[in-house]
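Protein chains: 2
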Amino acid sequence: MNNQPRKKLGNNIRKLRIQQGLSQEQLAEKADLHRTYIGAIERGERNVSLDNIVAIAHALGVSASQLLDGVD
Amino acid sequence: MNNQPRKKLGNNIRKLRIQQGLSQEQLAEKADLHRTYIGAIERGERNVSLDNIVAIAHALGVSASQLLDGVD
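Chains as they are written, first to last, in our numbering: chain E, 1 to 72; chain W, 73 to 144.
This is chain E alone, in the form it adopts within the complex (with noise of 0.2 Å):
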């Protein structure tokens, strides 16, 4: 299976994340999700699901199609 998806997802994420200063506590809080899970997504082990991808981009404030910005 190609990670690389997963792993740009995950460094999408994180490159936001830093921009606006939150922590990954933060993010998880704010998108309703377990701290440990938002660290795992940032390494590019998960294979998120849609409606979680819709959490995280609420949460920093993007559309979900940002999120996947690049993800190929």
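Please keep in mind that the hints were generated in silico from the structure rather than gathered at the bench.
Computed from a prediction, not measured in an experiment: that's the story for all the values here.
Mixed in with the good hints, there may be bad ones.
Said to hold, decoys possible - Only pairs whose alpha carbons sit at most 30 Å apart, straight line, appear in this in silico DSSO-like list of lysine-lysine: (1) W:Lys80 / E:Lys30; (2) E:Lys7 / W:Lys79; (3) E:Lys7 / E:Lys30; (4) W:Lys80 / E:Lys7; (5) W:Lys79 / E:Lys15; (6) W:Lys79 / E:Lys30; (7) E:Lys7 / W:Lys87; (8) W:Lys87 / W:Lys102; (9) W:Lys102 / E:Lys7; (10) W:Lys87 / E:Lys8; (11) E:Lys8 / W:Lys102; (12) W:Lys79 / W:Lys102; (13) E:Lys30 / W:Lys102; (14) E:Lys8 / W:Lys79.
What the hints assert, rightly or not - To give an idea of the chain E side of the interface with chain W (calculated C-beta under 7 Å), a few residues: (15) Pro5; (16) Leu16; (17) Glu45; (18) Asn47; (19) Ser49; (20) Asp51; (21) Val54; (22) Val62; (23) Ser63; (24) Ala64; (25) Ser65; (26) Leu68; (27) Asp69; (28) Val71.
Backbone N, C-alpha and C define an ideal beta-carbon position, used for all residues, glycine too.
For this one, chain E is given, so just place chain W on it according to the hints.
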């Protein structure tokens, strides 16, 4: 759970598939997924994973980001 994102993704996929003159079966074959799964996704009944979003996007010749256009 807000099903709007799932329904919008399903509509995006159906619209692109029909524009390209593909049946659900042909799209499923190209994306290496089951036809009934494609049908359920198009009806907004599935919380699709990132890997499958990317597989369907590739099969339709668009980016994953384009596939999630307007999904919020």
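Comparing the hints with the structure gives:
The hinted pair formed by W:Lys80 and E:Lys30 meets the criterion: a straight-line CA distance of about 23 Å does not exceed 30 Å. Proximity of E:Lys7 to W:Lys79 is assessed by CA-CA distance (about 26 Å); at most 30 Å being required, the pair is judged to hold. Between the alpha carbons of E:Lys7 and E:Lys30 the distance comes to roughly 22 Å, so the proposed pair stays at or under 30 Å and holds. At roughly 25 Å between alpha-carbon atoms, W:Lys80 and E:Lys7 fall within 30 Å of each other, so this suggested pair holds.
Taking the CA atoms of W:Lys79 and E:Lys15, the gap is about 29 Å. The hint holds against a cut of 30 Å. Of the pairs offered as hints, the one joining W:Lys79 and E:Lys30 holds, with about 24 Å between alpha carbons and a cut-off of 30 Å not exceeded. For the given pair, E:Lys7 sits about 29 Å from W:Lys87 by alpha-carbon distance, which is consistent with the 30 Å threshold. Proximity of W:Lys87 to W:Lys102 is assessed by CA-CA distance (about 16 Å); at most 30 Å being required, the pair is judged to hold.
A C-alpha spacing of about 24 Å is found between W:Lys102 and E:Lys7, which places the hinted pair at or below 30 Å, so the restraint holds. Pair hint W:Lys87 plus E:Lys8 holds up; C-alpha atoms about 27 Å apart against a cutoff of 30 Å. This hinted pair checks out: E:Lys8 and W:Lys102 have alpha carbons roughly 23 Å apart, not beyond 30 Å. Of the supplied pair hints, the one linking W:Lys79 and W:Lys102 holds, its CA atoms being roughly 22 Å apart against a limit of 30 Å.
Simply put, E:Lys30 and W:Lys102 have alpha-carbon atoms about 37 Å apart, too far for the 30 Å limit, and the pair is violated. For the hint linking E:Lys8 to W:Lys79, the alpha-carbon distance of about 25 Å falls within 30 Å, and the restraint holds. The closest approach between the C-beta of E:Pro5 and any C-beta of chain W is roughly 5 Å, which is under the 7 Å cut-off, so the hint is satisfied. Because the beta carbon of E:Leu16 sits about 14 Å from the nearest beta carbon in chain W, more than 7 Å, this interface hint is broken.
Contact between E:Glu45 and chain W, as hinted, is not supported at the beta carbon level, the nearest pair being about 12 Å apart and thus beyond 7 Å. At about 5 Å, the closest approach between the beta carbon of E:Asn47 and any beta carbon in chain W falls short of 7 Å, and the interface hint on this residue holds. For E:Ser49, the interface hint holds, the least distance from its beta-carbon to any beta-carbon of chain W being 5 Å, beneath 7 Å. Checking E:Asp51 against chain W by beta carbon gives a least distance of about 5 Å; that is within 7 Å, so the hint holds.
Using the Cβ-Cβ criterion of 7 Å, the hint placing E:Val54 at the interface with chain W is satisfied: the shortest such distance is roughly 5 Å. For the restraint placing E:Val62 at the interface with chain W, the shortest Cβ-Cβ distance is roughly 10 Å, beyond the 7 Å limit, so the hint is violated. Because the smallest distance between the Cβ of E:Ser63 and any Cβ of chain W comes to about 6 Å, under 7 Å, the interface hint for this residue holds. The criterion of a C-beta within 7 Å of any C-beta in chain W is met by E:Ala64, whose closest approach is roughly 5 Å, and the hint holds.
Satisfaction of the interface hint for E:Ser65 is found here, the shortest Cβ-Cβ separation to chain W being roughly 4 Å, below the 7 Å cut-off. At a threshold of 7 Å, the smallest CB-CB gap from E:Leu68 to chain W is about 4 Å, leaving the interface hint in force. Annotation: interface hint on E:Asp69 holds; nearest CB of chain W at approximately 5 Å, less than 7 Å. Annotation: interface hint on E:Val71 holds; nearest CB of chain W at approximately 5 Å, less than 7 Å.
Hints 13, 16, 17, 22 from the earlier list are contradicted by this structure; the remaining hints agree with it.
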